[in-house]
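Fit chain B to the known structure of chain A by using the hints.
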Amino acid sequence: MTTGEYEPFRPSVPSELAPASRPSAPPPPAISVRHLWHRYGTLDVLRDVSFDVAPGEIFGFIGPNGAGKTTTIRAMATLLEPTAGSVHIDGHDASLDPDEVRRIIGYMPDHAGVYERITVREFLEFFADAYRIPELGVVDAVIELTDLTKLSDRLVATLSKGMKQRLQIARTLLHDPKVLVLDEPASDLDPRARIEVRDLLLELRELGKTIFLSSHILTELSDVCTSVGILERGELVVAGPIGEIAERLALQRSSSARPAPVAPPVADGAPGTTDVPVGASGAAAPVVTPGGAPIPEATRKRLKLRVLGDSQAILPMLQGGSGVLGVEAGPGGLIVLYYVGGDQYVAEVVRYLVTSGVGLVSVEPERNELERIFLEVTKGDLS
Amino acid sequence: MSAQTGVASIPPPPASVRGLARARMGFSRLLADPNPVWMRELKAAARLQRTPVVLAVTTGMMTLLVCSVGGIASIDAEPAKVGVWLYHTFFSLAFALVAWMGPAMAATGIAAERSGGTWEALELTGLGAAAIARGKFLGALTYVTMYLVMLAPVGALPFLFGGVTALEVVLAFVVLGGIAVLSVTFGLAMSSKFSSPALAILVTLLVSIPASIAAYAGLGVGLSFAANSLWHGVAAGPPVWLPTAYARADFGIEYLTLLVLVPAVLVVLPAWLFHEITVANMAAPSDDRSTRLRVWTLVAGPFMTVTCVASGVALNDPSWFIAGEMGLVMTYLFVGFLFAGEPLAPSRRVEARWERERAGAGKRFLGPGVMRACTLLLLLVLGSFAALLAAAALTLRTPSDRDGVLALGGYAAAFLVFVAGFAAWTRARSRSNGVPRVLLLGVLFLAFVGPWIAMAIAGIFESSERALLVAAPSPLYAFHLRKVIASGTSDAEVAVLAGSVAAVSWAVIGLGLFALASGRVEQRVAEERALRAGLEAPSGSSA
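Residue numbers (this note's numbering), protein chains in the order written: chain A, 1 to 383; chain B, 384 to 926.
So here's chain A without its partners, still in its complex pose (with noise of 0.2 Å):
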């Protein structure tokens, strides 16, 4: 293959921007929170946070220690009654139907304690009794599929901190919870145990949970969510889709912006491009449309992508393509590319580059974007 030989890269334009094709009735939210405020004493702890979570999301609530994210869960939980508002699960009131409600959610609280000195089985038996579950089954099939089979007989004691992560997240779903409400499930695990949990709750979305959980952590909740909250001082900042809450953020930016100087264009001036500056920094420059509108940093997205053979050759094929901000070449066959859209975009790429007989060895997407939402909404400061 010759760089002369390829076709320029046209990729549609990303999903995320076209017009979103809607369903006529959404489903309703499998929660609703509107208008809740708690106060203790004097402080509002909880200021008018209004969210709602679909089914089958993965909802990350994400706020610095003290925002008021634990006060929020417990409220959902029905563990606490809230000076005001509403928190409606599956179209049941929390905090006036609460059997209801603990009928629905599986919760899990920041460091929930187990009961040391019975087995694995023992303990998971004791829940299934005190939710009177019937079925004696229900503990075999959740020991599988938390994958506990092997600890079973072992005491709770001699299990590790992740295990016992683990056997806690069996405990919520014992009575097969349309919601699971996991407050830190990561805290203190090591980096194996969080991978497990996150595979475990990457496997509970498919099986149709919907999960609300809260971090501190955003790696952590930028694998799994697919919407987030983020609570401030007792205020939600944001909520939404991981990638609706950025092309918001991009246009509140955009709109507000003053006008950028305009780069100039590159050499084979493909229309609809931006000159991107490709260095060994790997920092993408330029940050204007061709109208000169600001691209938004929060929309800027890197790639990086590991081809078989010279890497430098395969520049030009991106170089120019629409929606590509820049291009750069490392060694090892890896290469850069800065871009601008979403999961559809990245799509597009690999099956460009394949189709024209690139080896791609590997694609691995960013995964900072929540980090940088969430730098770009909060303050930092807790007072």
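Take the hints with a grain of salt, since some may be wrong.
The calculated BS3-like cross-link candidates involving lysine-lysine, where the alpha carbons are at most 30 Å apart (straight line), are [stated by the list, open to error]:
#: 1; chain 1: A; residue 1: Lys150; chain 2: A; residue 2: Lys178
#: 2; chain 1: A; residue 1: Lys150; chain 2: A; residue 2: Lys164
#: 3; chain 1: A; residue 1: Lys161; chain 2: A; residue 2: Lys178
#: 4; chain 1: A; residue 1: Lys150; chain 2: A; residue 2: Lys161
#: 5; chain 1: A; residue 1: Lys164; chain 2: A; residue 2: Lys178
#: 6; chain 1: A; residue 1: Lys164; chain 2: B; residue 2: Lys464
#: 7; chain 1: B; residue 1: Lys464; chain 2: B; residue 2: Lys576
#: 8; chain 1: B; residue 1: Lys746; chain 2: A; residue 2: Lys161
#: 9; chain 1: B; residue 1: Lys746; chain 2: B; residue 2: Lys866
#: 10; chain 1: A; residue 1: Lys150; chain 2: B; residue 2: Lys426
#: 11; chain 1: A; residue 1: Lys164; chain 2: B; residue 2: Lys426
Where chain A lies over chain B, by a calculated footprint (3+ residues, C-beta under 8 Å) [what the hints assert, rightly or not]:
#: 12; region: 658 to 667
#: 13; region: 727 to 734
Hints listed in this document are in silico derivations from the structure and should not be mistaken for laboratory results.
Where is the CB? At the ideal position from N, CA and C, for every residue including glycine.
Here is chain B on its own, set in the frame of chain A:
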């Protein structure tokens, strides 16, 4: 199906099954589908390696102690006396074991769930605070019973020596069982208030050790003399007199009243109260923590009244009426203390539940709300004292005895009206439920002691009889009043006038505070509703 036992559950009996058959089915259900918390407690206890060691050491030490006492006693005493000594020694030690170990064992129960981070998971299972409390109670009681069973052979030794019958030994174990129930429920009630097991054990022991010593000395040694004067077969002095009284006393109205009714009241009512306190403390603040305690009050008040009336009438003695009055005063002071911490009004959650259940006025009256609670206290105080004083008026023939009992009871009832009003008023003005209780204790202390201090100062300037009038606002003045009435001296009229003015003043102040509290509660509830409505409005802002 119980996953822990693997036994198929028995469905609840249909409504058509009643009486003994229903109770039998309920017991079968309990065996087939036991309390899950109890089962887990047993499994965990069985794995505790120190349990058999502690049991063996305790039994060994007790055996050595009883044998040593027996050995020393048998040097110059006949076997029957040795048997009696061993009987009192063993059951005194067993009493200490149960009265100290029972609360300590139970005190860890709920506090350990809180400190171990398992409480919320347990709470959300829907098992309910009452079922969890029952499981914890059964777990701790089983543990204490294990000790009693291990000690049973040692307890049977006195019977072999003579002086006590096998029935008396068995009865002593039954009494010990009653004390164990009381001890464990007390420990759980304390545990339900704490988040740290260590602190729960410490506070529980700090209360239970002095209380058990006082009970041993007062109800054991002290009451044995009273029992001896009634039934000569019961020895005066030895502490373990109650089991022997059951076997030796003549059956009659006194037996039924003093050996059945009074002990039942002393065990069942406190044990039930402790259980209800445990359940209330375990429930969430927005749940209904009041109704069960209110039902206890509604039953305990009349039951206490009946017991006091029955013992007074049966013995036809003013002392028993006065003891009854004191019992009622103590009970209602405690109830006043309890109600001072009531919520102002039912929470939204409770109101929603009432709406769903279409709760009637009776159920709502027994629900959360300080005004409802204090109204109930007022009604019970007036009803109980009216019944007791009527019984005294009809039973006691000597005018001075009768008037003394009436004066004491009248003053006590008037002061309790004040307590109900003050509890309602302080709660209506306070944002927390702890402050009104502290204030009530402070006011009680001042009311009881303050006038006597004033009297002591006044005594410097006045004659002692006139100075005593200064103490009339103290409820303790009622005892002086009774003494003056009994003596029939010329000062009686003035003393009665002073006492009456003080009692009426207490009642009027109480009713005034009650009326003020009612208005204040309404105002605060309206303010809270307005605040919530404001915050929940789409443009809600902090008020």
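(message) Can you confirm whether the C-alpha distance between Lys464/B and Lys576/B stays at or below 30 Å?
(response) Between Lys464/B and Lys576/B the Cα gap is close to 46 Å, so the pair fails against 30 Å, i.e. violated.
(message) Hint check: Lys150/A vs Lys161/A, CA-CA at most 30 Å. Holds or violated?
(response) With a Cα-Cα distance of about 16 Å, the restraint between Lys150/A and Lys161/A holds, given a limit of 30 Å.
(request) Decide if the proposed pair is consistent with the structure: Lys150/A and Lys178/A, CA atoms, cutoff 30 Å inclusive. (result) 27 Å, holds
(request) Given the hint that Lys746/B pairs with Lys161/A, test it: the Cα-Cα distance must not exceed 30 Å. (result) Distance of about 47 Å is beyond 30 Å: violated.
(request) Starting from Lys150/A, check that the Cα of Lys164/A is at most 30 Å away, please. (result) OK: Lys150/A and Lys164/A at ~14 Å, within 30 Å.
(message) Using C-beta distances, would you say chain A covers the region 727 to 734 of chain B, given that this needs three or more residues below 8 Å?
(response) That given contact holds, which follows from 3 residues of the region 727 to 734 of chain B lying within Cβ reach (below 8 Å) of chain A.
(request) Check whether three or more residues of the region 658 to 667 of chain B sit with their beta carbon closer than 8 Å to a beta carbon of chain A. (result) Violated: only 1 residues of the region 658 to 667 of chain B have a Cβ under 8 Å from chain A.
(request) Take a quick look at whether Lys746/B and Lys866/B sit within 30 Å of each other, Cα to Cα. (result) 44 Å, violated
(message) Just to be careful, I want the Cα atoms of Lys164/A and Lys178/A compared with a cutoff of 30 Å; is the pair within it?
(response) Cα-Cα ~22 Å, so holds.
(message) Lys161/A and Lys178/A were given as a pair; does the straight-line alpha-carbon distance stay at or below 30 Å?
(response) 26 Å, holds
(request) Given the hint that Lys150/A pairs with Lys426/B, test it: the Cα-Cα distance must not exceed 30 Å. (result) Measuring from Cα to Cα gives roughly 21 Å; hence the hint holds.
(request) Below or equal to 30 Å on CA atoms is what counts here, so check Lys164/A against Lys426/B. (result) 19 Å, holds
Checked against the numbered hints above, the structure breaks hints 6, 7, 8, 9, 12 and satisfies the rest.
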